[in-house]
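Produce the entire structure from the sequences given, and follow the hints as far as they go.
Chains as they are written, first to last, in my numbering: chain A, 1 to 348; chain B, 1 to 348.
Derived by calculation from the structure, the hints in this document are not laboratory data.
Predicted model only: the values in this text are computed from it and were never measured.
Beta carbons are placed, not taken as given, at the ideal position from N, Cα and C, and that holds for glycine.
Any given hint might turn out to be false.
[To be verified] Where chain B lies over chain A, by a calculated footprint (3+ residues, C-beta under 8 Å):
1. 92 to 102
2. 259 to 270
3. 279 to 292
Number of protein chains: 2
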Amino acid sequence: MRATLIYGARDIRVDHVPDPEIHRPTDALVKVVASCICGSDLWPYRGFREVTEPRRIGHEFVGLVEEVGSEVRTVSPGDFVIAPFMISDGTCPSCRRGVQTSCDHSSGWGGPDDGGILADGGQGEWVRVPLADGTLVATPEVPDAGLVPGLLALSDVMGTGHHAAMAAGVGPGTTVAVVGDGAVGLSAVLASARLGAERIVAMSRHPDRQQLARAFGATDIVAERGPAGVAELTELLGGSPADAVLECVGTKESMDQALEAVRPGGRVGYVGAPYGAELPIRTLFTNNITVGGGVAPARAYLPELMAEVLAGTLDPAPVFDLELPLAEVAEGYAAMDERRAIKTLLRP
Amino acid sequence: MRATLIYGARDIRVDHVPDPEIHRPTDALVKVVASCICGSDLWPYRGFREVTEPRRIGHEFVGLVEEVGSEVRTVSPGDFVIAPFMISDGTCPSCRRGVQTSCDHSSGWGGPDDGGILADGGQGEWVRVPLADGTLVATPEVPDAGLVPGLLALSDVMGTGHHAAMAAGVGPGTTVAVVGDGAVGLSAVLASARLGAERIVAMSRHPDRQQLARAFGATDIVAERGPAGVAELTELLGGSPADAVLECVGTKESMDQALEAVRPGGRVGYVGAPYGAELPIRTLFTNNITVGGGVAPARAYLPELMAEVLAGTLDPAPVFDLELPLAEVAEGYAAMDERRAIKTLLRP
Chain A
1 MRATLIYGAR
11 DIRVDHVPDP
21 EIHRPTDALV
31 KVVASCICGS
41 DLWPYRGFRE
51 VTEPRRIGHE
61 FVGLVEEVGS
71 EVRTVSPGDF
81 VIAPFMISDG
91 TCPSCRRGVQ
101 TSCDHSSGWG
111 GPDDGGILAD
121 GGQGEWVRVP
131 LADGTLVATP
141 EVPDAGLVPG
151 LLALSDVMGT
161 GHHAAMAAGV
171 GPGTTVAVVG
181 DGAVGLSAVL
191 ASARLGAERI
201 VAMSRHPDRQ
211 QLARAFGATD
221 IVAERGPAGV
231 AELTELLGGS
241 PADAVLECVG
251 TKESMDQALE
261 AVRPGGRVGY
271 VGAPYGAELP
281 IRTLFTNNIT
291 VGGGVAPARA
301 YLPELMAEVL
311 AGTLDPAPVF
321 DLELPLAEVA
331 EGYAAMDERR
341 AIKTLLRP
Chain B
1 MRATLIYGAR
11 DIRVDHVPDP
21 EIHRPTDALV
31 KVVASCICGS
41 DLWPYRGFRE
51 VTEPRRIGHE
61 FVGLVEEVGS
71 EVRTVSPGDF
81 VIAPFMISDG
91 TCPSCRRGVQ
101 TSCDHSSGWG
111 GPDDGGILAD
121 GGQGEWVRVP
131 LADGTLVATP
141 EVPDAGLVPG
151 LLALSDVMGT
161 GHHAAMAAGV
171 GPGTTVAVVG
181 DGAVGLSAVL
191 ASARLGAERI
201 VAMSRHPDRQ
211 QLARAFGATD
221 IVAERGPAGV
231 AELTELLGGS
241 PADAVLECVG
251 TKESMDQALE
261 AVRPGGRVGY
271 VGAPYGAELP
281 IRTLFTNNIT
291 VGGGVAPARA
301 YLPELMAEVL
311 AGTLDPAPVF
321 DLELPLAEVA
331 EGYAAMDERR
341 AIKTLLRP
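See below:
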């Protein structure tokens, strides 16, 4: 089959690789219907994370189950399934608590699974899915093609934006500021609107993303950053910074911005993998700022969010503003790297 | 009048100082019925915080209102009042949200108030209380003498322990570990029991404090620290660390212990003023640990907790295991410094 490999900084290729097969009775084989490129895939692409040898990449996909191992119970051949961005067993204490990212047998896509056998990356034609019962969520029936992008978004960005909002306690009446206007930040806007936030301020300098933030429910846009951005936010919110700030980037600058944009006693939900971000304990202590979040347990949120996407009441699909065939995956990365695209959907 | 001053490390004296008087129409004069010594008073006492000139000390007291300024509405001469450990106006946005520690006009006891006039320390005979309406809470009637210690505990330690529990999301079914067996840690045990925690593990190596922790509702005691303590805790809780860890010290060691004692997806509530404590963002991110808390808005919790103390359903008084006349305040500090006492109550 064909699958995407990263060879190094800005070197993405589609190679022929061995077809996957069932290795364990808990495995499933999934034929990928759609996958996509994540902002976090850009870290190795940009060279911030060293690539020592070519490796599979991609951790978001939806597809059709082709074959299952003898112990798989919850998905069957022919099912349309959504794969969250981490593999989990569904039975350990963390899984039962909805923190599947801390599963006792967790692993990621594109590398060795918990038992050391390669789990294919999402950006390919086929994927061997370890721990299929714990990992995959099937739709009740094969969905209309038009719903595929929205369902695909649940594999990571929508669940991650939702996690930021949950970690920050967003609910009816909350004032929210979202730091980061990538696919996750935009999803966090949508999640906040869904959760009933009273005001949602998207901090964005890009007109196209501002427009999508508005469409997703942002009530206000602040293009300024730093103290000027906080001042504008505070004025918009009637004299206080936000109750909840959703930090969707992970850099020192974005976290500092988030911590300045939250009111005393407020909460920061952060979901951007921290690259340089720090938590200054004395500032947090003095101002009673709660900080929560982390690597989002997208699996936990899948059933609830999936039902709404299928019902047509939630539509994160617009985060995908570029669709390419798998063969052009390198262009998908380049477009996101150069900010010509928010998020690229790939069709094998 | 007589009041306590700190002159330097281990140099605590009772001096004659000017009688306080009403300076502003929002002031009240309170005759102290009881005050106490806080673990945080030990920081300057131990020389960890430099004392450049003699200054008033003490931020916990209850007393009788003697006189009020012309604009004071909520307390009257003769009222028995509880003073939380910070002064607040009660009207600013943070106060209205119950984060009085971030009041626009906040200040502390024993130093200049928001307008630069000395607010007396609590460890004295009298106190000028700025912003009396915002700061003080009066009991419906003058309480029995036996209730005074329990009410005094609400000025800081009980409210602070409660804040740790609230910040960590303690409620019915929660498993809790409390790091720190000082008055705040013990209050955090009591607060957790009051909030319905299923299991409360007090991490304590001192038999007298273990005993009080049990009396306050601890279901288990762990005397070990470090990895051995976490292992014992995990076994006690059936295989996972605690849902909620209450960090009631503030040192690097205690925070590290807290972060190791919480399960993935769990919450740490911290209320010990940070002295060396750090928040390692990558560990928090990977394990989805929420960290909340800070300087406790004791004022916010006073009405609710006071009602229970007056009703006899909540009794934090046992945190006071030493009672001394004000003249012997230096011995009260020494006893706490040398861990001969958990907390010293002072009678002017």
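Verification of the hints:
Residues of the region 92 to 102 of chain A lying with their CB closer than 8 Å to a CB of chain B number 7, which satisfies the three-residue condition for coverage. Check result for the region 259 to 270 of chain A against chain B: holds, 5 residues qualifying (beta carbon to beta carbon below 8 Å, three or more required). Coverage of the region 279 to 292 of chain A by chain B holds. Counting CB-CB distances below 8 Å, 12 residues qualify, and the rule asks for three or more.
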